[in-house]
Each structure stands twice: as C-alpha cells, then as structure tokens.
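From first to last, the protein sequence lines are chains A and B. For the record, in the first sequence the residue sitting at position 106 is 106 according to this note's numbering, with numbers rising by one throughout. For the record, in the second sequence the residue sitting at position 91 is 91 according to this note's numbering, with numbers rising by one throughout.
Incorrect hints may have been included.
Label-pair ranges, simulated between beta-carbon atoms [what the hints assert, rightly or not]: (1) B:K41 x A:D128: 50 to 56 Å; (2) A:L64 x B:R154: 43 to 49 Å; (3) B:R169 x A:R222: 28 to 34 Å; (4) B:A47 x A:R45: 57 to 63 Å; (5) A:R157 x B:R87: 17 to 23 Å; (6) B:R178 x A:D226: 20 to 26 Å; (7) B:A47 x A:D186: 30 to 36 Å; (8) B:R45 x A:S189: 17 to 23 Å; (9) A:T217 x B:S46: 47 to 53 Å.
Worth flagging that the hints you see were computed from the coordinates, not collected in a lab. Using N, Cα and C, we set each Cβ at its ideal position, and we do this for glycine too.
Protein chains: 2
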Amino acid sequence: MPAAQPSASPDDAVHSSTLRDGTVQLRAGSVQEGANASRAKGRPRSAAADLAILDATRETLAELGWGGLTMGHVASRAGVAKTTLYRRWPSKNELVVDAVASIFDELVMPDLGSLRADIEAVVGQFADLLARPETQAALLALFAEGTRDPQLRRRIREAIVDPQKRLVRQGRAAAQARGELEADTDTASACEEVDIIFDTIAGTVEHRVLVSGEPITPAWTRRFIDLLLGPLIVG
Amino acid sequence: MPAAQPSASPDDAVHSSTLRDGTVQLRAGSVQEGANASRAKGRPRSAAADLAILDATRETLAELGWGGLTMGHVASRAGVAKTTLYRRWPSKNELVVDAVASIFDELVMPDLGSLRADIEAVVGQFADLLARPETQAALLALFAEGTRDPQLRRRIREAIVDPQKRLVRQGRAAAQARGELEADTDTASACEEVDIIFDTIAGTVEHRVLVSGEPITPAWTRRFIDLLLGPLIVG
DNA sequence: CTGCTTTCGCTACAGGTCGTAGCGTAACTG
DNA sequence: CAGTTACGCTACGACCTGTAGCGAAAGCAG
Numbered sequence: 001m002p003a004a005q006p007s008a009s010p011d012d013a014v015h016s017s018t019l020r021d022g023t024v025q026l027r028a029g030s031v032q033e034g035a036n037a038s039r040a041k042g043r044p045r046s047a048a049a050d051l052a053i054l055d056a057t058r059e060t061l062a063e064l065g066w067g068g069l070t071m072g073h074v075a076s077r078a079g080v081a082k083t084t085l086y087r088r089w090p091s092k093n094e095l096v097v098d099a100v101a102s103i104f105d106e107l108v109m110p111d112l113g114s115l116r117a118d119i120e121a122v123v124g125q126f127a128d129l130l131a132r133p134e135t136q137a138a139l140l141a142l143f144a145e146g147t148r149d150p151q152l153r154r155r156i157r158e159a160i161v162d163p164q165k166r167l168v169r170q171g172r173a174a175a176q177a178r179g180e181l182e183a184d185t186d187t188a189s190a191c192e193e194v195d196i197i198f199d200t201i202a203g204t205v206e207h208r209v210l211v212s213g214e215p216i217t218p219a220w221t222r223r224f225i226d227l228l229l230g231p232l233i234v235g
Numbered sequence: 001m002p003a004a005q006p007s008a009s010p011d012d013a014v015h016s017s018t019l020r021d022g023t024v025q026l027r028a029g030s031v032q033e034g035a036n037a038s039r040a041k042g043r044p045r046s047a048a049a050d051l052a053i054l055d056a057t058r059e060t061l062a063e064l065g066w067g068g069l070t071m072g073h074v075a076s077r078a079g080v081a082k083t084t085l086y087r088r089w090p091s092k093n094e095l096v097v098d099a100v101a102s103i104f105d106e107l108v109m110p111d112l113g114s115l116r117a118d119i120e121a122v123v124g125q126f127a128d129l130l131a132r133p134e135t136q137a138a139l140l141a142l143f144a145e146g147t148r149d150p151q152l153r154r155r156i157r158e159a160i161v162d163p164q165k166r167l168v169r170q171g172r173a174a175a176q177a178r179g180e181l182e183a184d185t186d187t188a189s190a191c192e193e194v195d196i197i198f199d200t201i202a203g204t205v206e207h208r209v210l211v212s213g214e215p216i217t218p219a220w221t222r223r224f225i226d227l228l229l230g231p232l233i234v235g
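Using the sequences and the hints given, assemble the complete structure.
Given below as structure tokens:
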C-alpha cells in the first residue's frame with residue numbers, strides 16, 4: 001500500500017479531487033483565510049511541474065499506449081525526477097485518471113432545436129474524442145483497472161463518468177421544454193432514465209469504436225438514433 | 001516483437017484457433033487421417049498441459065485479476081514449466097484470449113415466443129457472465145490491449161465478439177418468422193442492423209456492469225428493452 | 001539576513017516480471 | 001535401434017516498480 005502518505009500531504013486536492021479519503025478540497029484560500037491552516041510553510045510545489053507531468057502523460061499515452069507508459073518515461077519526458085511523480089500520485093492509475101479526465105470536459109450539449117439533432121451532435125463529439133489515440137489507449141485501460149479496484153472505479157466515476165451525465169440531463173430538459181418528451185413524473189424514475197440513456201449511448205459508441213473497431217459515420221449515427229427514438233417521442 | 005517465432009511452429013493451431021494466420025484448425029485427427037501431414041514426428045504436446053494451463057489462467061484471473069496474472073504464476077499453478085507456456089502462446093494477451101473465449105460460448109438464444117422475452121433472456125445470461133470475476137478481470141483488459149494491437153483486436157473479434165452476433169441474427173430471424181419484425185429488404189442493410197443492435201446491447205450492458213458498476217436487475221432490463229423496442233416492432 | 005520547512009533532482013537499491021537460452025531427459029515414430 | 005520433438009529445470013539480462021537517502025533550492029517567519 002504505497003499510497004498512504006501522499007493523501008496526507010496537504011495539496012493532493014490540487015488536481016480537482018480526492019485520492020483515497022472521501023474529502024474533496026477546493027484550492028482557493030482554504031478554511032480560514034489568514035490562518036492558512038497547514039499550508040504554505042516550506043517550498044511550494046511547482047505548478048509547472050504538474051502541468052508538464054500531465055501533458056507528458058497524455059503524450060506518452062498517445063504514443064506508447066497504456067502498456068508502454070512508464071513512470072520513469074513520463075518523468076524524464078516532463079523534465080522531472082521520478083520521485084516527484086510519486087510525491088503527487090501514488091500510482092500510474094491515479095495519474096492517468098487525472099490526465100484523461102480533463103479531455104472529456106470539452107463535450108457540450110448544443111441545443112440545436114430538436115432532440116435528434118442534439119443527440120447527433122453529442123454522439124459526433126464523443127466519437128471524435130474516442131478516435132484520439134490517447135483517449136483510446138487510456139479509457140479502456142482505466143475501466144479495466146477499475147473492475148479490480150473499487151476505489152479507483154469510484155474515482156473514475158466521479159472524475160469522468162458522472163460529470164458527463166449532465167449532457168443527458170440537459171438534452172432531456174431541452175426536449176421536455178420543446179414538448180418532444182413527456183415531463184418527469186417522479187425524480188427517482190427520471191434518474192434511472194438518465195442512467196439508462198447514458199449507459200446506452202456511451203456504451204454503444206464505445207463498443208463500436210473500441211471493440212468492434214469500426215468508425216462512427218453520420219449514417220451509422222442516424223441509424224443508431226432511429227433505434228433509440230421510438231418510445232421517447234411523445235407526439 | 002517477441003511473438004514472431006512461435007507462429008512458425010507447426011502446432012500453434014492446436015488450441016482451437018488461429019494465432020496470426022487466418023486458418024482455424026480443429027484438433028482431432030487433422031486433415032487426412034492416415035497421412036498426418038507435418039505432424040506426429042517427435043514427442044507430441046501434452047493435451048493435458050493445454051487444459052491445465054487454460055484452467056489455471058481462468059482461476060488466476062478470477063483471483064488476482066489481470067494485473068496479478070503472471071506467466072510464472074500460471075505455469076506453476078498448472079504444474080508446468082514457464083517455457084512450456086511460451087512454446088504455445090507468444091504472450092499473456094494471446095493466452096487470455098483463448099482462456100476467455102470459451103466462456104462466451106455458453107450464451108444461447110432461447111426462442112421463447114416473443115422478441116421481448118428473447119432479448120430479456122439473453123441480456124440476463126450476458127449479465128450473469130459479466131458478473132463472474134474472471135470475465136470481469138479479463139474482458140476490458142483484453143479490449144484495452146486490443147486498441148493498441150490491431151492483430152490482437154482481430155483475434156478478439158474472431159474468437160469472442162463476432163461469434164456472438166449469431167444471437168442477434170437468430171433472435172431477428174425468429175422475430176421475423178413470428179411477424180414481429182419486417183423481413184429484410186437487402187442483405188447489406190440487414191448486416192448493418194445486426195451490427196448496430198449487437199453494439200448497442202453488448203455495449204450498454206458492459207457499460208452498466210463494468211463501468212458504472214451497477215447490477216443488471218430485471219427492472220433495469222425491462223426499461224432498457226422499452227427503450228430499444230420502439231421502431232422495431234412492426235404491428 | 002537567518003533559521004525553518006518543504007520540495008527538488010539525483011543516485012542507488014531490492015523485488016518482481018518478462019521472454020530467451022541452454023541443458024539433460026522423456027515420449028513417440030519408423 | 002536412431003531420430004525428432006516436447007518437457008522441466010536453471011540461469012540470465014533487461015526492464016519497471018516504488019522507496020530511501022542525500023545535498024541543494026525555494027519559499028516564509030522573525
């Protein structure tokens with residue numbers, strides 16, 4: 001269990017989330033402003049090193065894939081000592097989660113005036129994302145590790161999966177406002193609906209691209225949406 | 001690229017499938033019975049060792065997961081020298097493909113009298129399969145490696161993915177015979193339809209179980225099928 | 001400016017895995 | 001019997017992991 005110390009270090013929360021304890025700390029001025037509880041005593045960590053490491057991780061991932069990604073390799077590529085990596089991330093998995101999570105933030109729900117057009121646009125964005133080498137190499141490898149390590153799976157869900165469910169919620173809300181979808185009856189049922197739709201779209205596109213290895217063409221997207229948009233349309 | 005030589009050895013085809021050439025040979029008495037073309041000169045390979053290795057692979061996979069699976073570990077567990085593994089499989093990936101492929105052969109299309117019931121049954125079988133530790137540990141890890149190695153991806157498709165499309169074809173044919181689905185207009189379009197349906201069902205269930213980490217309940221299955229069975233039903 | 005604290009890069013290390021090579025032996029064929 | 005091939009064993013070099021110790025650098029408090 002080599003991951004013990006870094007979570008005790010005060011600034012693990014710098015990269016947006018928890019390591020193993022449940023607490024999430026925002027950066028900013030911590031609890032009391034003047035006090036600076038346990039921060040800012042000695043030499044501060046180099047923010048430039050953080051960025052260089054994450055960039056080097058993404059680049060190496062794209063070139064050599066998951067198996068070729070070595071902590072030593074990333075370190076030398078980032079112009080940083082290997083020990084510096086281990087001071088920030090306890091293992092390769094955690095590093096890659098942080099390096100990859102940001103990629104998915106570029107997905108947006110456009111609101112193009114119809115549910116079909118909205119889904120088509122998001123599927124297209126997602127397909128483009130999955131076509132990139134670093135995403136391809138990282139995503140399934142992360143998911144695979146997640147099946148073994150519940151802690152890691154939780155982190156993946158918090159950092160990558162769950163945030164993207166906003167797309168489904170936004171798309172549903174827009175379609176409901178247009179009258180394309182019925183309004184929600186109860187909240188719990190709506191949540192399950194969101195989960196199902198998300199698993200369906202994400203799972204199908206991932207399976208198509210990453211497993212079957214076939215590209216996402218506009219024609220395919222149309223047929224896929226034909227399959228989905230049966231019982232959902234109200235009129 | 002250490003995987004070059006073993007494929008030259010004459011009996012790589014012994015384990016049920018191809019290594020890198022496209023040919024698939026069953027074991028049994030090979031092509032001509034008396035002739036034994038290029039086989040049977042020296043000491044034959046132990047079939048018991050093959051089975052022991054594949055069993056040991058599945059067991060180790062279930063216990064230690066992909067990361068914990070070591071060639072040396074598998075060898076000693078199977079009561080076999082490590083070199084014997086490398087004489088048969090060029091790498092861990094290839095070994096695991098063979099060890100896992102057979103698991104999926106147990107899926108069957110039941111023909112229960114309605115399309116909904118058929119899908120429900122197959123989804124249930126698939127969910128049970130994905131709940132097993134060795135499947136969980138292996139499947140995503142294999143897919144992940146496949147994104148890096150086109151050769152391996154082809155093997156995975158041939159050994160694991162494509163064979164299961166029979167389920168979709170059988171289910172569609174049965175539903176068409178019952179009049180639940182329209183008959184196919186042209187063959188190419190039907191093939192694409194099969195691909196889409198397969199990616200959708202497999203991808204969604206995998207995403208639900210392996211990524212979201214939520215169980216497949218009967219209620220979930222019903223809602224998922226509600227989502228699918230819109231435009232497909234003819235009446 | 002002088003301590004105090006923490007991070008930095010560097011080197012070295014033990015432990016483990018990979019995949020191969022060489023050896024003597026076992027099994028099977030003609 | 002000789003010839004051929006697989007077998008188990010041992011050893012090996014190369015690589016990666018994650019940690020430890022060192023001197024130096026970078027901030028902050030007084």
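Structure-based check of each hint:
{"no.": "1", "hint": "B:K41 x A:D128: 50 to 56 Å", "in the structure": "holds (55 Å)"}
{"no.": "2", "hint": "A:L64 x B:R154: 43 to 49 Å", "in the structure": "violated (21 Å)"}
{"no.": "3", "hint": "B:R169 x A:R222: 28 to 34 Å", "in the structure": "violated (22 Å)"}
{"no.": "4", "hint": "B:A47 x A:R45: 57 to 63 Å", "in the structure": "holds (58 Å)"}
{"no.": "5", "hint": "A:R157 x B:R87: 17 to 23 Å", "in the structure": "violated (42 Å)"}
{"no.": "6", "hint": "B:R178 x A:D226: 20 to 26 Å", "in the structure": "holds (22 Å)"}
{"no.": "7", "hint": "B:A47 x A:D186: 30 to 36 Å", "in the structure": "violated (59 Å)"}
{"no.": "8", "hint": "B:R45 x A:S189: 17 to 23 Å", "in the structure": "violated (58 Å)"}
{"no.": "9", "hint": "A:T217 x B:S46: 47 to 53 Å", "in the structure": "holds (49 Å)"}
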